[in-house]
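Going by numbering that gives the first Met the number 0, the first residue of the sequence shown is number 0, and it counts up by one from there.
It should be emphasised that the hints constitute simulated quantities derived from the structure, not laboratory data. The beta-carbon is built from N, C-alpha and C at its ideal position, and this holds for glycine as well. Be careful, since some hints might not be right.
Dumping the calculated DMTMM-like pairs for lysine to aspartate or glutamate here, alpha-carbon to alpha-carbon at most 25 Å [what the hints assert, rightly or not]:
| hint | residue 1 | residue 2 |
| --- | --- | --- |
| 1 | Lys21 | Glu51 |
| 2 | Lys21 | Glu62 |
| 3 | Lys21 | Glu63 |
| 4 | Lys21 | Glu44 |
| 5 | Lys21 | Asp1 |
| 6 | Lys21 | Asp9 |
Distance windows between CB atoms, simulated [said to hold, decoys possible]:
| hint | residue 1 | residue 2 | range |
| --- | --- | --- | --- |
| 7 | Ser61 | Arg16 | 20 to 30 Å |
| 8 | Ile36 | Thr87 | 42 to 52 Å |
| 9 | Gln7 | Ala47 | 23 to 33 Å |
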Amino acid sequence: MDILCQLQADLLGVTVRRPAVKDTTALGAAYLAGIAIGVWATPAEAAASWTEEAEFTPSMASEEISMRRATWSRAVERSLDWDRSPITD
Numbered sequence: 000m001d002i003l004c005q006l007q008a009d010l011l012g013v014t015v016r017r018p019a020v021k022d023t024t025a026l027g028a029a030y031l032a033g034i035a036i037g038v039w040a041t042p043a044e045a046a047a048s049w050t051e052e053a054e055f056t057p058s059m060a061s062e063e064i065s066m067r068r069a070t071w072s073r074a075v076e077r078s079l080d081w082d083r084s085p086i087t088d
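Build the full structure now, drawing on both the sequences and the hints.
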């Protein structure tokens, strides 16, 4: 998972913070349920219990980012119209 977080940070040029709880969908549902029954009064109060496990900062050189984006763009272009079979109902 670290490599994917670092890749996102590098290619997007932003800091990526990974939470301690990996299943954030379930955590979000738990936060909403807790707010609904009064465990937390506000979403901000529930969010205060969120903890960070790791932080990833951009570290890739701009030339490398440009090369990887160009490669990705070519891959997307090649995949367009890959399957030309007719759509049937």
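Against the structure, the hints come out as follows:
A hinted pair counts as satisfied when its Cα atoms are at most 25 Å apart, and Lys21 with Glu51 qualifies at roughly 10 Å. Straight-line distance between C-alpha atoms of Lys21 and Glu62 comes to about 32 Å, which puts the hinted pair past the 25 Å bound. Taking the CA atoms of Lys21 and Glu63, the gap is about 29 Å. The hint is violated against a cut of 25 Å. Annotation: proposed proximity of Lys21 to Glu44 holds, straight-line Cα distance about 20 Å (limit 25 Å).
For the given pair, Lys21 sits about 12 Å from Asp1 by alpha-carbon distance, which is consistent with the 25 Å threshold. Simply put, Lys21 and Asp9 have alpha-carbon atoms about 21 Å apart, close enough for the 25 Å limit, and the pair holds. Separation of Ser61 from Arg16 is about 23 Å and conforms to the stated range, judged on CB atoms against 20 to 30 Å. Checking the proposed 42 to 52 Å range against Ile36 and Thr87 shows it holds: the Cβ atoms sit about 49 Å from each other.
Taking 23 to 33 Å as the suggested C-beta distance range, the pair Gln7 and Ala47 conforms, at roughly 25 Å.
In summary, the structure is inconsistent with hints 2 and 3 from the numbered list given earlier, while agreeing with the others.
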